[in-house]
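All chains should be modelled from the sequences, with the hints used to inform the complete structure.
Those protein sequence lines, which keep their order, are chains A and B.
Residue 196 in the numbering used here sits at position 77 of the first sequence, with consecutive numbering throughout.
Residue 44 in the numbering used here sits at position 27 of the second sequence, with consecutive numbering throughout.
These are computed hints drawn from the structure, not numbers from a lab.
Mixed in with the good hints there might be a few duds.
[To be verified] Simulated pairs of lysine-lysine, BS3-like, Cα-Cα distance not exceeding 30 Å:
(1) Lys40/B x Lys210/A
(2) Lys39/B x Lys215/A
(3) Lys181/A x Lys216/A
(4) Lys214/A x Lys27/B
(5) Lys249/A x Lys124/A
(6) Lys193/A x Lys248/A
(7) Lys216/A x Lys46/B
(8) Lys46/B x Lys27/B
(9) Lys46/B x Lys214/A
(10) Lys39/B x Lys216/A
(11) Lys176/A x Lys216/A
(12) Lys46/B x Lys215/A
(13) Lys39/B x Lys234/A
(14) Lys46/B x Lys185/A
(15) Lys40/B x Lys27/B
(16) Lys210/A x Lys27/B
(17) Lys185/A x Lys249/A
[What the hints assert, rightly or not] Covered stretches of chain A (chain B as the covering partner; in silico rule of three or more C-beta atoms under 8 Å from a C-beta of chain B):
(18) 145 to 151
(19) 214 to 227
[What the hints assert, rightly or not] Here are the in silico distance ranges between beta carbons for each label pair:
(20) Gly59/B x Met182/A: 37 to 47 Å
(21) Leu76/B x Met240/A: 31 to 41 Å
(22) Asn62/B x Gln229/A: 26 to 36 Å
The beta carbon of each residue, even a glycine, is placed where N, CA and C say it ideally should be.
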Amino acid sequence: MENNKSTLVVFSGDLDKAIASFIIATGSAAMGNQVTMFFTFWGLNILRKDQGISVDKTFLDKMFGKMLPRGPEKLGISKMNFGGLGAKLMKYTMKKKNISTLQELIELAQELDIKMVACTMSMDVLGIKKEELIDGLEYAGVASYLADAQESKINLFV
Amino acid sequence: MNTDKVLDAKGLSCPMPVVRSKKAMDEIKTGQVLELHTTDSGALNDIPAWARSANHQVLDHQEENGVYKFWIQKG
Numbered sequence: 120m121e122n123n124k125s126t127l128v129v130f131s132g133d134l135d136k137a138i139a140s141f142i143i144a145t146g147s148a149a150m151g152n153q154v155t156m157f158f159t160f161w162g163l164n165i166l167r168k169d170q171g172i173s174v175d176k177t178f179l180d181k182m183f184g185k186m187l188p189r190g191p192e193k194l195g196i197s198k199m200n201f202g203g204l205g206a207k208l209m210k211y212t213m214k215k216k217n218i219s220t221l222q223e224l225i226e227l228a229q230e231l232d233i234k235m236v237a238c239t240m241s242m243d244v245l246g247i248k249k250e251e252l253i254d255g256l257e258y259a260g261v262a263s264y265l266a267d268a269q270e271s272k273i274n275l276f277v
Numbered sequence: 018m019n020t021d022k023v024l025d026a027k028g029l030s031c032p033m034p035v036v037r038s039k040k041a042m043d044e045i046k047t048g049q050v051l052e053l054h055t056t057d058s059g060a061l062n063d064i065p066a067w068a069r070s071a072n073h074q075v076l077d078h079q080e081e082n083g084v085y086k087f088w089i090q091k092g
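Structure representation (structure tokens):
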């Protein structure tokens, strides 16, 4: 039973899907599995630092940077978001029911040695620089994801 | 029953009971017993499933006023 692997592709940057991804990932790590989370496209927003970081960027990249949510606190939910009100309500009710926040789940994932990988191609597309993402990430592409996925018994695309 | 460590996970919801149990197991030796208290109703299925995957053994469980108690031996 030792050394089973789980892999998740986190493509979505929706708060609800991010929470689901991190619950599965941390649960899997608790069950003794080696877990890799591969963040691509909108999923990269989950890993952004909430403060603005000044880095050299083209105009278009800057616009992307402004429009896309910076980190767990800014994400919307995939249904009934109503311009962010839905996300606020969701966070409020989850807090009341004592469910871990996305921020807490991310910290927990790091504590459990979950490997978090940012897709460098998506970073290029969205104009996101390493300095803008949280610490402790690895940077890679499709081959390293596939190499991990091939050895995994659980592989999800969220 | 002999207990080597007690974990109070009451009020915590999925995935915390399992994650905390895992951390607690890291702190005891093989053969020692963890006593877990949780209020998560999913735990009735979740704790045995986690124990099976992680090679631990659920020795006993009880329910008392909405609190589920598990005795799990580290494998």
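Here is what the structure says about each hint:
no. : hint                           : result
1   : Lys40/B x Lys210/A             : holds (26 Å)
2   : Lys39/B x Lys215/A             : holds (25 Å)
3   : Lys181/A x Lys216/A            : violated (38 Å)
4   : Lys214/A x Lys27/B             : holds (15 Å)
5   : Lys249/A x Lys124/A            : holds (26 Å)
6   : Lys193/A x Lys248/A            : holds (18 Å)
7   : Lys216/A x Lys46/B             : violated (34 Å)
8   : Lys46/B x Lys27/B              : holds (24 Å)
9   : Lys46/B x Lys214/A             : violated (35 Å)
10  : Lys39/B x Lys216/A             : holds (22 Å)
11  : Lys176/A x Lys216/A            : violated (42 Å)
12  : Lys46/B x Lys215/A             : violated (36 Å)
13  : Lys39/B x Lys234/A             : holds (18 Å)
14  : Lys46/B x Lys185/A             : violated (51 Å)
15  : Lys40/B x Lys27/B              : holds (16 Å)
16  : Lys210/A x Lys27/B             : holds (21 Å)
17  : Lys185/A x Lys249/A            : holds (16 Å)
18  : 145 to 151                     : holds (count 6)
19  : 214 to 227                     : holds (count 5)
20  : Gly59/B x Met182/A: 37 to 47 Å : holds (44 Å)
21  : Leu76/B x Met240/A: 31 to 41 Å : violated (50 Å)
22  : Asn62/B x Gln229/A: 26 to 36 Å : holds (28 Å)
When the structure is compared with the earlier hints, violations turn up for hints 3, 7, 9, 11, 12, 14, 21 and for no others.
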